[in-house]
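Engineer: Here's the letter readout for the chains.
There are 2 protein chains.
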Amino acid sequence: MNLILLSPDDIEHDHLARVRDPRRVTHLREVHRARVGDAMTLGVAGGGIGRGELLSLDADEARFAIDTLDQAPPPALPVHLVLALPRPRMLARTLEHVTALGVKQLTLLHTRRVEKSYWQSPELSPAKIQAHLTLGLEQARDTVLPDVTLARGFRPFVEDHLPELLAARRGLLAHPGMPISCPRGIDAPTLLLVGPEGGFIEWEVERLLAAGCEGIHLGPRILRVETAVTALLARLF
Amino acid sequence: MNLILLSPDDIEHDHLARVRDPRRVTHLREVHRARVGDAMTLGVAGGGIGRGELLSLDADEARFAIDTLDQAPPPALPVHLVLALPRPRMLARTLEHVTALGVKQLTLLHTRRVEKSYWQSPELSPAKIQAHLTLGLEQARDTVLPDVTLARGFRPFVEDHLPELLAARRGLLAHPGMPISCPRGIDAPTLLLVGPEGGFIEWEVERLLAAGCEGIHLGPRILRVETAVTALLARLF
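Sequence lines, in order, name chains A and B.
The first sequence lines up with residues 1 to 237 when you count with the UniProt record's numbering.
The second sequence lines up with residues 1 to 237 when you count with the UniProt record's numbering.
Just chain A, with the same shape it has in the complex (with noise of 0.2 Å):
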């Protein structure tokens, strides 16, 4: 928690924030240690970026003098991120990798092999995509929410919406064994894929390709998913 990320109901006037809810107040006390003067980074969801003073802490809320907010938050990466739904523990790490990382579109898709029952998970209920969304904000300083959606079909997503988004983005497909290596460094609006653990199947590949994709690789060796999208993140921007 490099920044106390305050939702508008913390923030009480102008110059005064209570957080209140238990995993950060703990988190307060007993990872920071925090004391009554320390000053620490605060942040607006959805806005600026600042300092404050802690005014008191107990069991049960901190409050906090705020100073400014007006900084502006770290520049979001400009992508679309499109990723066939990891299971559910993997999921709730790569969420708080790529908010961490900058990314503020993220699809989460199904695909021939991502298991019918990852889809049923609790970490897909919205309140727990929010909590792991929050803590990579939090890690890195962000105020921003990503935009995640889900899309429960292959076929209706390649159909209905990837036209629309490959119109104004550049469409990589990660894929072991295709043919152009990962580019590095580019700056334009990018929509990237990534499959699942064992992959696209090659009638995916196909459809993505056809869509308009580029297929990239990151060599010949195989990544859980959680590192490939990592590394194909600090690749590309």
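Because the hints were derived from the structure by calculation, they are not lab data.
Predicted model only: the values in this text are computed from it and were never measured.
No false leads were mixed into what you were given.
Partner residues aside, some chain B positions facing chain A, computed with beta carbon under 7 Å:
#1 Asn2
#2 Pro74
#3 His97
#4 Ala100
#5 Ala140
#6 Arg141
#7 Arg184
#8 Gly185
#9 Pro220
#10 Arg221
#11 Ile222
#12 Leu223
#13 Thr227
#14 Ala231
#15 Ala234
#16 Arg235
Idealized CB from N, CA, C, for every residue including glycine.
Following the hints, complete the assembly by docking chain B onto the known chain A.
Structural biologist: Here is chain B on its own, set in the frame of chain A:
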């Protein structure tokens, strides 16, 4: 487990391997749902990679007919990674990530902000470390275990080992606020130093820069160690 990594003990003779440890046998049965006759990727620890056929699989043993094991494992990264010892759970995941990415030299370093208790963790036993490295190799279809050394003192590391390590390598110190953005696609032998959560302290940064390291950063976002290490390796190589 994208590769069945055979130890010399597993190899009965040139054409027959027996895998008897419960972890791999269970994985073959329950995750791969392997069947007699399946062709699978095999590799010999420290050696070549090839194909084999599953001859039998029961609760205690899998037997493989070895076809060929004459392919080279994927190339290593030209990096010696020096990582401030992470907390035990993050260490476990980071060992897997960096092994999968192709790191072959790893030093775990004590720094001021590493909690001393981490050095007592059972995760640091040679058997535990090897288990995580093996998972990384199996993931990435590699056969060559990384060398892991423990450097329990910062000053002895800097005074006694760093000069020699830097004699043949470009030293890069990854630390927030350093002047140069992390370079992309370098091919030269590199020593990459990554600090703990909370970072190196200023005195440590000064010592590492004075020893000849260049300070690099990954931008304004503060990343978890495991995310930062993957991002650095993917961008550098």
